[in-house]
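Participant: What follows is each chain in one-letter form.
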Amino acid sequence: MDGSLVSFGNWLQNRSFALAVATSDWAYPFVQATHFTGLSLWVGTTVATDLSLMGMGNQYQSPLQLLNVLFIWNWIGFCIAVLGGFLLFSASAATYLINPAFLVKLGILIPVALILHIVIQQRMRQWAQQPGRPRAARIAGLVELLFWISVVTAAVAIPYFA
Amino acid sequence: MTIVLSIGAFINFLVIILGVPRALWKERPSGSGGLIWWASVTLLVAVFSCVSLVAAVGLASSTSTAAHLVLVLAVLFILWMFFTRRTPSHSIR
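In order, the protein sequence lines correspond to chains A and B.
At position 143 of the first sequence the residue is numbered 143 (the working numbering), and the sequence of numbers has no breaks.
Numbers in the working numbering are just positions in the second sequence, counted from 1, shifted up by 1000.
No lab work stands behind these hints: they were computed from the structure.
Just to be clear, a hint being listed does not mean it is correct.
[As the list claims (entries may be wrong)] Restricting the straight-line Cα-Cα distance to at most 25 Å, the calculated cross-link-like pairs of lysine to any residue (SDA-like) are: (1) B:K1026 x A:I149; (2) B:K1026 x A:W11; (3) B:K1026 x A:V6; (4) B:K1026 x B:A1067; (5) B:K1026 x B:I1003; (6) B:K1026 x A:I80; (7) B:K1026 x A:T95; (8) B:K1026 x A:F30; (9) B:K1026 x B:L1044; (10) B:K1026 x A:P159; (11) B:K1026 x B:L1005; (12) B:K1026 x A:V156; (13) B:K1026 x A:P100; (14) B:K1026 x A:A94; (15) B:K1026 x A:S62; (16) B:K1026 x A:I72; (17) B:K1026 x B:I1007; (18) B:K1026 x A:A162; (19) B:K1026 x A:I98; (20) B:K1026 x A:L70; (21) B:K1026 x A:R125; (22) B:K1026 x A:Q61; (23) B:K1026 x B:L1014; (24) B:K1026 x B:W1037; (25) B:K1026 x B:V1047; (26) B:K1026 x A:I76; (27) B:K1026 x A:Q13; (28) B:K1026 x A:A48; (29) B:K1026 x A:L64; (30) B:K1026 x A:A27; (31) B:K1026 x B:V1072; (32) B:K1026 x A:P29; (33) B:K1026 x A:Q129; (34) B:K1026 x A:R15; (35) B:K1026 x A:Q126; (36) B:K1026 x B:V1004; (37) B:K1026 x A:D25; (38) B:K1026 x B:S1006; (39) B:K1026 x B:W1080; (40) B:K1026 x B:S1062.
As the structure is a computational prediction, the values presented were derived from the model and not from experiment.
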């Protein structure tokens, strides 16, 4: 199985778009900056909502009102982050596919955090009908915050396992 | 063990690639802009879920017991979260 994954990585990193990113002097830093911009937008809007769920920040605006304002920007950030992330991954896919930090980040942490994010966005309406901040909402906000901190930590650890 | 964990990773892949666009469809902004927004998010969710599947299969094929255990917990957690969520009664916007 490991061999076929590395073969897939080699195939992907030899596609023309991946070679263009990997060999150009300016493309890789530009794609990296794009990825970080999307990531900042995605994680920033998500953390703002999580902190609001935990009862921090502006008390005159409910988490649901904050979500309504940030919802579109949140998912635009996701799109930019995934687009940039895929191009960075494809530039040296075979190396990433044997990196434990990358595998944990992409194979476990982000899928769990993404589904948790969707579930929280759907439950928020239900929580908004209850007085105050329900304990479940505070815990969900904290857990999601911890997951995104873990994702960022795993991302930072990738070069150290290379 | 590798095959069982790979099947779990594939189930996660299906939950993400089918579940996330379905959940966002109900909450998309109105008008053609909302449709374009939803299509873009769906396309990139598909890209993400494919790379995530490859990474999860990479973990499943590793020899680390800890990686296997965490992957099993992640699969169970995702299935539990997704299948116990409530569907919203009206759109956000």
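Participant: So, for every hint listed, does it hold in this structure?
Facilitator: Tested hints:
For the suggested pair K1026 (chain B) and I149 (chain A), the alpha carbons sit about 28 Å apart, so the restraint of at most 25 Å is broken. The straight-line distance between the Cα atoms of K1026 (chain B) and W11 (chain A) is roughly 37 Å, outside the 25 Å bound, and the hint therefore fails. Taking the CA atoms of K1026 (chain B) and V6 (chain A), the gap is near 39 Å; set against the 25 Å cutoff, the hint is violated. Of the pairs offered as hints, the one joining K1026 (chain B) and A1067 (chain B) is violated, with about 35 Å between alpha carbons and a cut-off of 25 Å exceeded.
Between K1026 (chain B) and I1003 (chain B), the direct Cα distance comes to roughly 35 Å. Violation of the 25 Å bound is thereby established for this hinted pair. Note on K1026 (chain B) and I80 (chain A): the hinted pairing holds, with a Cα-Cα distance of about 22 Å set against a maximum of 25 Å. Proximity of K1026 (chain B) to T95 (chain A) is assessed by CA-CA distance (about 39 Å); at most 25 Å being required, the pair is judged violated. Only pairs whose Cα atoms come within 25 Å are accepted, and K1026 (chain B) paired with F30 (chain A) is rejected, the gap being roughly 34 Å.
At most 25 Å may separate the alpha-carbon atoms for a hinted pair to count; K1026 (chain B) and L1044 (chain B) meet this at roughly 18 Å. At most 25 Å may separate the alpha-carbon atoms for a hinted pair to count; K1026 (chain B) and P159 (chain A) exceed this at roughly 39 Å. Between K1026 (chain B) and L1005 (chain B), the direct Cα distance comes to roughly 32 Å. Violation of the 25 Å bound is thereby established for this hinted pair. About 35 Å separates the Cα atoms of K1026 (chain B) and V156 (chain A), which puts this hinted pair outside 25 Å; it is violated.
Straight-line distance between C-alpha atoms of K1026 (chain B) and P100 (chain A) comes to about 36 Å, which puts the hinted pair past the 25 Å bound. Under the criterion of a C-alpha separation no larger than 25 Å, the hint pairing K1026 (chain B) with A94 (chain A) is inconsistent with the structure, at around 38 Å. For a cut-off of 25 Å, the pair hint linking K1026 (chain B) to S62 (chain A) stands: about 21 Å separates their Cα positions. Annotation: proposed proximity of K1026 (chain B) to I72 (chain A) holds, straight-line Cα distance about 13 Å (limit 25 Å).
Proximity of K1026 (chain B) to I1007 (chain B) is assessed by CA-CA distance (about 29 Å); at most 25 Å being required, the pair is judged violated. The suggested pairing of K1026 (chain B) with A162 (chain A) is violated, with an alpha-carbon distance near 41 Å, which exceeds 25 Å. For the hint linking K1026 (chain B) to I98 (chain A), the alpha-carbon distance of about 38 Å lies beyond 25 Å, and the restraint is violated. A hinted pair counts as satisfied when its Cα atoms are at most 25 Å apart, and K1026 (chain B) with L70 (chain A) qualifies at roughly 17 Å.
Distance restraint check for K1026 (chain B) and R125 (chain A): the Cα-Cα separation of roughly 13 Å lies within the 25 Å cut-off, and the hinted pair is therefore satisfied. Pair hint K1026 (chain B) plus Q61 (chain A) holds up; C-alpha atoms about 24 Å apart against a cutoff of 25 Å. The hinted pair formed by K1026 (chain B) and L1014 (chain B) meets the criterion: a straight-line CA distance of about 19 Å does not exceed 25 Å. Between K1026 (chain B) and W1037 (chain B), the direct Cα distance comes to roughly 13 Å. Compliance with the 25 Å bound is thereby established for this hinted pair.
Restraint check for K1026 (chain B) and V1047 (chain B): the C-alpha separation of about 21 Å stays at or below 25 Å, so the hint holds. Of the pairs offered as hints, the one joining K1026 (chain B) and I76 (chain A) holds, with about 17 Å between alpha carbons and a cut-off of 25 Å not exceeded. Between K1026 (chain B) and Q13 (chain A) the CA atoms are separated by roughly 37 Å; this puts the pair beyond 25 Å, and the hint is violated. Annotation: proposed proximity of K1026 (chain B) to A48 (chain A) holds, straight-line Cα distance about 23 Å (limit 25 Å).
With a C-alpha separation of about 16 Å, the suggested pairing of K1026 (chain B) with L64 (chain A) holds against the 25 Å cut-off. For the hint pairing K1026 (chain B) with A27 (chain A), the CA-to-CA distance comes to about 37 Å; that exceeds 25 Å, so the pair is violated. Restraint check: the Cα-Cα separation between K1026 (chain B) and V1072 (chain B) comes to about 30 Å, which exceeds 25 Å; the hinted pair is violated. Simply put, K1026 (chain B) and P29 (chain A) have alpha-carbon atoms about 37 Å apart, too far for the 25 Å limit, and the pair is violated.
With a CA separation close to 19 Å, the supplied pair K1026 (chain B) and Q129 (chain A) stays within the 25 Å bound. Restraint check for K1026 (chain B) and R15 (chain A): not satisfied, since their Cα atoms lie roughly 36 Å apart, outside the 25 Å limit. For the proposed pair K1026 (chain B) and Q126 (chain A), the alpha carbon gap of about 16 Å is at most 25 Å, so the pair holds. Straight-line distance between C-alpha atoms of K1026 (chain B) and V1004 (chain B) comes to about 33 Å, which puts the hinted pair past the 25 Å bound.
About 43 Å separates the Cα atoms of K1026 (chain B) and D25 (chain A), which puts this hinted pair outside 25 Å; it is violated. Using a Cα cut-off of 25 Å, the hinted pair K1026 (chain B) and S1006 (chain B) is violated, with the two alpha carbons roughly 31 Å apart. Distance restraint check for K1026 (chain B) and W1080 (chain B): the Cα-Cα separation of roughly 21 Å lies within the 25 Å cut-off, and the hinted pair is therefore satisfied. Pair hint K1026 (chain B) plus S1062 (chain B) does not hold up; C-alpha atoms about 38 Å apart against a cutoff of 25 Å.
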